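Taken in order, these protein sequences are the chains called A and B.
All residue numbers for the first sequence refer to our numbering, where the first residue is -4 and numbers rise by one.
All residue numbers for the second sequence refer to our numbering, where the first residue is 1243 and numbers rise by one.
Hints listed in this document are in silico derivations from the structure and should not be mistaken for laboratory results.
Nothing here was measured: the structure is a model prediction, and the numbers come from that model.
Quick reminder that beta carbons are idealized off the backbone N, C-alpha and C, glycines included.
One should not assume that every hint holds.
As the list claims (entries may be wrong) - A few chain A residues facing chain B, derived, Cβ under 10 Å:
no., residue
1, 15
2, 66
3, 121
4, 129
5, 164
6, 180
7, 277
8, 290
9, 294
Claimed, not checked - In silico DSS-like pairs for lysine-lysine, Cα to Cα no more than 27 Å straight-line:
no., chain 1, residue 1, chain 2, residue 2
10, B, 1431, A, 94
11, B, 1466, B, 1383
12, B, 1475, B, 1441
13, A, 325, B, 1454
14, B, 1441, A, 278
15, A, 278, B, 1426
16, B, 1431, A, 325
17, A, 289, A, 344
18, B, 1466, B, 1321
19, B, 1342, A, 344
20, A, 344, B, 1321
21, B, 1431, A, 278
22, B, 1461, A, 278
23, A, 278, B, 1454
24, A, 278, B, 1340
25, B, 1307, B, 1406
26, A, 325, B, 1461
27, B, 1307, B, 1397
28, A, 325, B, 1321
29, A, 365, A, 335
30, B, 1426, B, 1401
31, B, 1321, B, 1342
32, B, 1466, A, 344
33, B, 1462, A, 325
34, B, 1377, A, 94
35, B, 1406, A, 278
36, B, 1340, A, 344
37, A, 278, B, 1401
38, B, 1401, B, 1377
39, B, 1461, B, 1383
40, A, 325, B, 1397
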Amino acid sequence: MKILFLILLLPTFANAMRADLTGNVEAQTRESMNNEQAKEDLFQDWNKEKFHLVYGNLDGKVEFDNNSFIDTNWFVRYTNSELYRNGYVAPQIMTFPRKLVARDVFQLQHKSQTDHDKTESVLNKFFYEWDNDEQTIIVGRFYINYGQGEIFNPINPFNQPTGLTSIQQVAQGNDGGEVRFYMNDHHILEFYLLGDKGIENYDGKIDRTVWVHGEYQANDQLQLDYVGGEDQNRDKIGGQISYRLSEALVFAQTLYQTKFVNDDPSHDLWDVLLGFDQQFTNKWHFRFEGGHQKKNRFEDFTTFNFGDRFLPSEYFAAIANTYEVHPLVKVSATLINDIKTGFNYGIAKATFDLGHSLEAELFGFSPVGKGSSTDNPAQKLVTTDLGGALRAFF
Amino acid sequence: MFKKFKAKDFVFCVALGAKVSNPDEWLNYADDQMRGDRSHGEMTMTIETPNWTRTLEIESDVEGKSQAITTINSPAKEKGIRTLRIDNNMWNYFPKLKRKVAVSSSMLLASWMGSDFTNDDVLKASSMSQDYHHKFLPDAKVNGVVYKVIENTAKSNTKVMWPKVVTYSSKSDCLPRQNDYYDKQGKIKRTMTFSEIKKLDGHLVPALWVMKPADDPDKKTIIKYQNIIFKTKFKSNHFSQQSLTAN
């Protein structure tokens, strides 16, 4: 009887629902080289090592009606390299971002590692969204994406900026709920309640995140964002000002973080970002980002530990240029300078649209200058990587 | 392409059924036919060169002269990307990453989805009547057909990409057949042609739009309307950031 009932109901649901599957698959290979410092400091010789990476996204969406849907993304990443032997630290930067879920309660992932490969399978998006005329409610694991920064974006601690990564169509998931209010045509207010158990220390304790993000469009030129709340045991408050000049966009961010609200040893932190973005011609796009992030004295910089914070440890300046050589070929070059340590990191990419939803990319990541300062020894261990990728979208 | 024809004090547009001495009236009629008060259109945009071709399938909702939202349905890489325009503000939304990007004035020069259309075209598409002065030029004749020529020059207090646009319109239906876009030096930088005039949902519409950049004559972007509905209604918040980021 139950089966008959379900069979009768099925066409009704099928009519009401609309499902969609999209995604991409990418294969990368890269050669890692030129790291004498690692040999001396860590006794890890990875000069001229090969590194292979394959990853894929499967994005699924089921729409129930015009107002509600479930959206999912399944991300699988397989990496293969002799660099995994003896706990070499080089793969950490090659698989950036390492954490695919920023605030993790439900886990929903599988990882396995041997001395020559690593497999990660993560459901990094799985949420239900309901929209009505004035509110949106989201529950589950979802992306939180706001802020103008592409290399450093301190007002959004829930999503790593993608300026340093070679993978695409991926953002970090966050577990919890969001309620978004459309106050009027100029003001959007978002409340988040998230939890985090941490991927590495999955011991059952949930750290709470209570967060507010507001977006206020003051006029055609000026937009103000404000953020605040408790996140990862710190109280945080900050904001962003973006101003559209006649030919460019300028923006500034700041985020202040108190000491840990529990008794763990810590000190306060603050970040500042200044940015400038201009499309000089219809082919040439230019961006500058510079700023400061207060060094966390309690973070271990003696090894290859990037944590959630960006590679330059204190003062940095970055320029990013993208040029369309041909409608099917884009080249980009990014140079990041850690002003205090003298460390320079360059990223160059050439992307070729091959048609039929295929894309090829050649890339290079290189510490073009490792500086003389000893403030951040980990920077001296960064490798030079040259590689290529082939990606398909479906 | 076009030869100058003898100028007249007035022109006759069959579609308008009257003598027209004011180019504004002519352009407003054409605008009303092609845009209506509101519309929902389905189209393909094909970027074509001698070596490759790329086609996007697009849906576009337009209301009045200042609100529009477009959604890309294909190819897979761009599927779901939306562009919202409200007055002078424009946003792109990338649903796979849930990322909303305000298109700043600095980005107006950038190509829209790799085509020969810029963000400025999408943002300012309807501002010809507001941002330009209009005057009739001598008629032009091509292949035995006489076209009405309207010169649109940018008003001094407006910021537009093209200081001058010259429109060649049919005298039978008053719809444009060609727009020439001039730079500050007075050179034609690109040309858009309109053809395949069809009656869709009670409106006369050119179903085929072709944009050709002057500095790359082998390249062009073709917009082909598959369908357009003018007798449509949208929800009160259809053209909003909520609608942009919602389902």
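Hint check results:
no.: 1; hint: 15; result: holds, 8 Å
no.: 2; hint: 66; result: holds, 8 Å
no.: 3; hint: 121; result: violated, 13 Å
no.: 4; hint: 129; result: holds, 8 Å
no.: 5; hint: 164; result: holds, 5 Å
no.: 6; hint: 180; result: holds, 7 Å
no.: 7; hint: 277; result: holds, 5 Å
no.: 8; hint: 290; result: violated, 29 Å
no.: 9; hint: 294; result: violated, 28 Å
no.: 10; hint: 1431/B / 94/A; result: violated, 48 Å
no.: 11; hint: 1466/B / 1383/B; result: holds, 26 Å
no.: 12; hint: 1475/B / 1441/B; result: holds, 20 Å
no.: 13; hint: 325/A / 1454/B; result: holds, 21 Å
no.: 14; hint: 1441/B / 278/A; result: violated, 38 Å
no.: 15; hint: 278/A / 1426/B; result: holds, 19 Å
no.: 16; hint: 1431/B / 325/A; result: holds, 23 Å
no.: 17; hint: 289/A / 344/A; result: violated, 30 Å
no.: 18; hint: 1466/B / 1321/B; result: holds, 18 Å
no.: 19; hint: 1342/B / 344/A; result: holds, 24 Å
no.: 20; hint: 344/A / 1321/B; result: holds, 24 Å
no.: 21; hint: 1431/B / 278/A; result: holds, 15 Å
no.: 22; hint: 1461/B / 278/A; result: holds, 15 Å
no.: 23; hint: 278/A / 1454/B; result: holds, 17 Å
no.: 24; hint: 278/A / 1340/B; result: holds, 26 Å
no.: 25; hint: 1307/B / 1406/B; result: holds, 20 Å
no.: 26; hint: 325/A / 1461/B; result: holds, 17 Å
no.: 27; hint: 1307/B / 1397/B; result: holds, 18 Å
no.: 28; hint: 325/A / 1321/B; result: holds, 20 Å
no.: 29; hint: 365/A / 335/A; result: holds, 11 Å
no.: 30; hint: 1426/B / 1401/B; result: holds, 13 Å
no.: 31; hint: 1321/B / 1342/B; result: holds, 15 Å
no.: 32; hint: 1466/B / 344/A; result: violated, 34 Å
no.: 33; hint: 1462/B / 325/A; result: holds, 19 Å
no.: 34; hint: 1377/B / 94/A; result: violated, 62 Å
no.: 35; hint: 1406/B / 278/A; result: holds, 22 Å
no.: 36; hint: 1340/B / 344/A; result: holds, 24 Å
no.: 37; hint: 278/A / 1401/B; result: holds, 20 Å
no.: 38; hint: 1401/B / 1377/B; result: holds, 20 Å
no.: 39; hint: 1461/B / 1383/B; result: holds, 26 Å
no.: 40; hint: 325/A / 1397/B; result: violated, 36 Å
In this structure, the earlier hints numbered 3, 8, 9, 10, 14, 17, 32, 34 and 40 are contradicted, and the remaining ones agree with it.
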